[in-house]
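2 protein chains.
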Amino acid sequence: MQQREKFMREALKQAVKAKELDEVPVGAVVVRNGEVIARAYNTKNKNKNALLHAELEVLKKAQKVLGDWHLLDCDLYVTLEPCPMCAGACINTRLRAVYFGAYDPKAGCCGSLYNLPEDKRFNHRVEVVGGILGQECATILTEFFKSKRKGV
Amino acid sequence: MQQREKFMREALKQAVKAKELDEVPVGAVVVRNGEVIARAYNTKNKNKNALLHAELEVLKKAQKVLGDWHLLDCDLYVTLEPCPMCAGACINTRLRAVYFGAYDPKAGCCGSLYNLPEDKRFNHRVEVVGGILGQECATILTEFFKSKRKGV
Chain B
0 MQQREKFMRE ALKQAVKAKE LDEVPVGAVV VRNGEVIARA YNTKNKNKNA LLHAELEVLK
60 KAQKVLGDWH LLDCDLYVTL EPCPMCAGAC INTRLRAVYF GAYDPKAGCC GSLYNLPEDK
120 RFNHRVEVVG GILGQECATI LTEFFKSKRK GV
Chain E
0 MQQREKFMRE ALKQAVKAKE LDEVPVGAVV VRNGEVIARA YNTKNKNKNA LLHAELEVLK
60 KAQKVLGDWH LLDCDLYVTL EPCPMCAGAC INTRLRAVYF GAYDPKAGCC GSLYNLPEDK
120 RFNHRVEVVG GILGQECATI LTEFFKSKRK GV
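If you read the protein sequences in the order shown, they are chains B and E.
Mapping of the first sequence onto numbering that gives the first Met the number 0: position 151 corresponds to residue 150, and the numbering continues sequentially without gaps.
Mapping of the second sequence onto numbering that gives the first Met the number 0: position 25 corresponds to residue 24, and the numbering continues sequentially without gaps.
Honestly, the hints are just simulated from the structure, not real lab data.
Please note that a few of the clues may not be correct.
Non-contacting residues of chain E with respect to chain B, defined by C-beta distances greater than 10 Å in every case (computed) [as the list claims (entries may be wrong)]: (1) Q2; (2) K5; (3) K18; (4) E34; (5) R38; (6) F143; (7) K149.
Each computed DSSO-like pair below joins lysine-lysine, with the alpha-carbon atoms no more than 30 Å apart [stated by the list, open to error]: (8) E/K16 with E/K63; (9) B/K147 with E/K119; (10) B/K63 with E/K63; (11) E/K18 with E/K147; (12) E/K16 with E/K5; (13) B/K60 with E/K47; (14) B/K63 with E/K147; (15) B/K60 with E/K16; (16) B/K12 with E/K47; (17) E/K18 with B/K60; (18) B/K43 with E/K47; (19) E/K119 with B/K43; (20) E/K43 with B/K60; (21) B/K16 with B/K105; (22) E/K63 with B/K45; (23) E/K43 with B/K63; (24) B/K45 with B/K63; (25) E/K145 with B/K119; (26) B/K63 with E/K16; (27) B/K47 with E/K60; (28) B/K45 with E/K119; (29) E/K12 with E/K105; (30) B/K63 with E/K105; (31) B/K47 with E/K45; (32) E/K60 with B/K60.
Where is the CB? At the ideal position from N, CA and C, for every residue including glycine.
Based on the sequences and whatever the hints tell you, model everything.
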């Protein structure tokens with residue numbers, strides 16, 4: 000469990016980078032053999048690209064590092080529960096596990112609205128564990144949106 | 000209906016390009032105001048990137064053309080029913096409609112296993128219509144996999 004929190008702290012560092020750029024603060028890392036091999040954060044607004052969620056970016060980087068689209072022995076750590084697009088990307092890249100922080104009751108597809116990565120009908124299953132440093136991962140998001148509403 | 004078939008033929012042309020590169024033949028176009036504004040095909044193997052499905056590529060291109068991540072008055076035409084990742088991308092980019100050709104009973108998330116774009120719980124709904132030139136779109140895929148099995 001300590002190991003999982005350690006890697007979620009790395010994902011949180013990425014979320015802070017997004018926040019500093021005035022992006023919705025979501026961060027992610029990919030871990031293989033106990034080592035972080037890729038890091039990324041959400042840059043949707045900066046790049047005017049709704050596909051640039053932290054997860055898609057970090058999975059792309061991990062594929063580049065390994066020179067392979069199979070991420071079979073890799074785990075994703077992400078501060079917010081993945082949306083349908085990102086949950087689907089976890090299946091497509093053949094990830095081993097998804098560890099996420101805060102639950103997303105409005106769009107989460109790793110337990111909240113659906114649990115796509117663990118659906119046995121797909122050709123690959125990804126283990127899902129939610130709520131790792133859940134409070135901290137939620138707080139950085141709620142504070143961001145609070146400041147937005149205040150126009151800070 | 001003729002209009003839809005016309006644009007699906009454009010998507011099929013993209014699928015043929017994928018086939019010529021020995022990629023799984025799936026093609027897509029984005030249409031706005033009766034005009035094709037972006038075209039793409041699957042290049043997953045060439046780029047060793049499981050995220051390079053035709054849909055993600057064509058949505059990225061359309062965002063670039065419009066300089067905006069909102070594709071509110073845009074429609075996607077794709078030869079194969081979108082997987083969870085691509086169905087999610089249709090929601091995230093705020094597309095108006097998804098028109099697809101062949102159904103994918105193993106991974107399709109626009110009616111087969113799920114119908115994610117029409118799920119009212121997400122913050123945006125995308126209309127879904129399947130089976131446009133369905134036979135032609137399926138045939139190019141089945142012939143591709145048949146030739147693979149024969150080692151052609």
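Exercise for the section: Measure nothing beyond the straight line between the CA atoms of B/K45 and E/K119; if it is 30 Å or shorter, mark the hint as holding. Expected result: At roughly 28 Å apart (the allowed maximum being 30 Å), E/K119 and B/K45 satisfy the hint.
Exercise for the section: Decide, holds or violated, for the assertion that all CB atoms of chain B are farther than 10 Å from the CB of E/F143. Expected result: Holds, because the least Cβ-Cβ distance between E/F143 and chain B comes to about 17 Å, which exceeds 10 Å.
Practice task
Would you mind confirming whether the straight-line C-alpha gap from E/K18 to B/K60 stays at or under 30 Å?
Solution key: 26 Å, holds
Handout entry: E/K16 paired with E/K5 [C-alpha distance capped at 30 Å]
Key = Since the Cα atoms of E/K16 and E/K5 sit roughly 18 Å apart, the hinted pair holds (cutoff 30 Å).
Practice task
Mind checking the alpha carbons of E/K119 and B/K43 for me, to see if they're no more than 30 Å apart?
Solution key: 23 Å, holds
Exercise for the section: Please work out if E/K60 and B/K60 have their alpha carbons no farther apart than 30 Å. Expected result: 20 Å, holds
Exercise for the section: Decide if the proposed pair is consistent with the structure: B/K147 and E/K119, CA atoms, cutoff 30 Å inclusive. Expected result: Since the Cα atoms of B/K147 and E/K119 sit roughly 26 Å apart, the hinted pair holds (cutoff 30 Å).
Practice task
Over 10 Å to the closest beta carbon of chain B is the bar; see if E/K18 clears it.
Solution key: 19 Å, holds
Problem - Restraint check for B/K60 with E/K47, where alpha carbons must lie at most 30 Å apart - result: 11 Å, holds
Practice task
Below or equal to 30 Å on CA atoms is what counts here, so check B/K60 against E/K16.
Solution key: Judged against 30 Å, a Cα distance of about 26 Å means the pair holds.
Problem - 30 Å limit on alpha-carbon distance, applied to hinted pair B/K16 and B/K105 - result: 24 Å, holds
Problem - Pair hint B/K47 and E/K45, alpha-carbon separation not exceeding 30 Å - result: 26 Å, holds
Of the numbered hints listed earlier, not one is contradicted by the structure.
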